[in-house]
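J.: Each chain, letter by letter, is given below.
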Amino acid sequence: MSSSTDWPLWEVFVRSRRGLSHTHAGSLHAPDAEMALRNARDLYTRRSEGISIWVVPSTQITASSPDEKDSFFEPAGDKPYRHPTFYEIPDGVKHL
Amino acid sequence: MSAALALGDDALVLSHRLGEWAGHAPVLEEDVALANIALDLLGQARVLLSLVGDEDELAYLREERAFRNLQLVEQPNGDFAHTIARQLYFSVYQHLLYERLAAGGGEFADLAAKAVKEVAYHRDHAEQWVLRLGDGTDESHRRMQAGLEALWRFTGEMFQPVEGLDDTGSGLDRQELERTWLAAVTGTVERATLTLPTGPRSGAWAAGAGRQGLHTEPFGRMLAEMQHLHRSHPGASW
Chain B
122 MSSSTDWPLW EVFVRSRRGL SHTHAGSLHA PDAEMALRNA RDLYTRRSEG
172 ISIWVVPSTQ ITASSPDEKD SFFEPAGDKP YRHPTFYEIP DGVKHL
Chain R
4 MSAALALGDD ALVLSHRLGE WAGHAPVLEE DVALANIALD LLGQARVLLS
54 LVGDEDELAY LREERAFRNL QLVEQPNGDF AHTIARQLYF SVYQHLLYER
104 LAAGGGEFAD LAAKAVKEVA YHRDHAEQWV LRLGDGTDES HRRMQAGLEA
154 LWRFTGEMFQ PVEGLDDTGS GLDRQELERT WLAAVTGTVE RATLTLPTGP
204 RSGAWAAGAG RQGLHTEPFG RMLAEMQHLH RSHPGASW
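Top to bottom, those sequences are chains B and R. Be aware that the first sequence starts at 122, since it is given in the numbering used here, and climbs by one per residue. Be aware that the second sequence starts at 4, since it is given in the numbering used here, and climbs by one per residue.
Quick caveat, the hints were computed from the structure, so don't treat them as lab data. If you're wondering where the values come from, they're calculated on a predicted model, not measured in any experiment. Treat the hints with care, since some could be wrong.
Said to hold, decoys possible - Between beta-carbon pairs, the in silico distance windows are:
| hint | chain 1 | residue 1 | chain 2 | residue 2 | range |
| --- | --- | --- | --- | --- | --- |
| 1 | R | ASP141 | B | GLU155 | 19 to 27 Å |
| 2 | R | HIS233 | B | GLU155 | 35 to 43 Å |
| 3 | R | LEU31 | B | PHE194 | 31 to 39 Å |
| 4 | R | GLY223 | B | ARG139 | 30 to 38 Å |
| 5 | R | LEU185 | B | VAL214 | 57 to 65 Å |
| 6 | R | LYS117 | B | ARG139 | 41 to 49 Å |
| 7 | B | LEU130 | R | ARG224 | 33 to 41 Å |
Where a beta carbon is used, it is the ideal one built from N, C-alpha and C, also for glycine.
Using the sequences plus the hints, can you model the full thing?
T.: Below, the structure written as structure tokens:
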């Protein structure tokens with residue numbers, strides 16, 4: 122029986138066939154990247170054709186700290202010119 | 004239709020063996036992988052057996068002597084390495100066979116073309132694991148080698164002619180198939196730092212026995228378990 126120390130954790134990002142970007146789908150354990158890809162295919166894609174999978178060792182991901190939330194994420198709400206939300210989007214513009 | 008029966012029984016029996024792993028594989032991810040392969044094979048079996056007759060009757064109401072599967076696929080799972088050795092031998096064979104059937108344009112060309120993508124994945128899965136177990140720890144190397152040795156004597160049967168498969172314009176060349184299989188298996192085994200078994204490729208039974216309905220002892224018990232419910236409630240629908 123393997124333990125999670127033998128089988129590191131991997132994060133899985135999947136781009137669906139018509140999707141534009143890779144989306145975090147979940148995580149899994151695998152002995153190496155090749156097996157992580159195969160396991161991700163079985164677990165998260167059900168083998169739809171034409172998709173892309175990224176696997177990343179969880180240890181390679183650096184997350185922002187919840188403690189830094191204020192300075193990191195809170196925008197200056199009283200400066201609306203910093204939020205380009207006033208534009209009308211013409212019909213026919215895709216992928217926006 | 005004996006060829007459809009032979010190919011269908013191979014897939015059905017191996018699918019059942021892999022199904023026995025459910026919930027017992029070394030890790031969750033592998034549990035899912037083995038179940039996926041089992042489901043692929045069951046799907047292939049259903050198509051093939053439906054060509055012959057009623058798939059449920061064929062699966063659940065035939066006696067052991069009426070099954071035409073290879074003796075290789077009926078062998079018990081053993082440990083994980085033993086199962087992987089069985090997968091390597093069979094899935095390389097099945098992949099090469101289905102590639103040729105798909106290209107040959109015979110009566111099995113369409114279904115082989117559909118199944119060959121699945122089987123390519125089964126082969127890749129088996130090869131990946133042979134490499135990891137063979138080139139892993141001393142213990143995994145020993146077990147992988149033991150699995151290859153234990154099943155070696157069942158590999159000759161795969162290259163015996165199958166009535167209705169080799170002689171219906173499929174253009175199948177069994178000798179070429181065997182050479183290609185041997186080269187592929189040898190390559191994987193050597194990359195995995197393992198040694199290709201040297202024993203005979205058929206056991207005390209004549210090669211081709213499974214195709215004639217002659218099976219090894221564990222197969223009867225497998226069938227008893229597989230068929231029990233259907234035989235207890237004949238005619239039930241589910």
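J.: Hint by hint, which ones does the structure fall short of?
T.: Violated: hints 4, 6.
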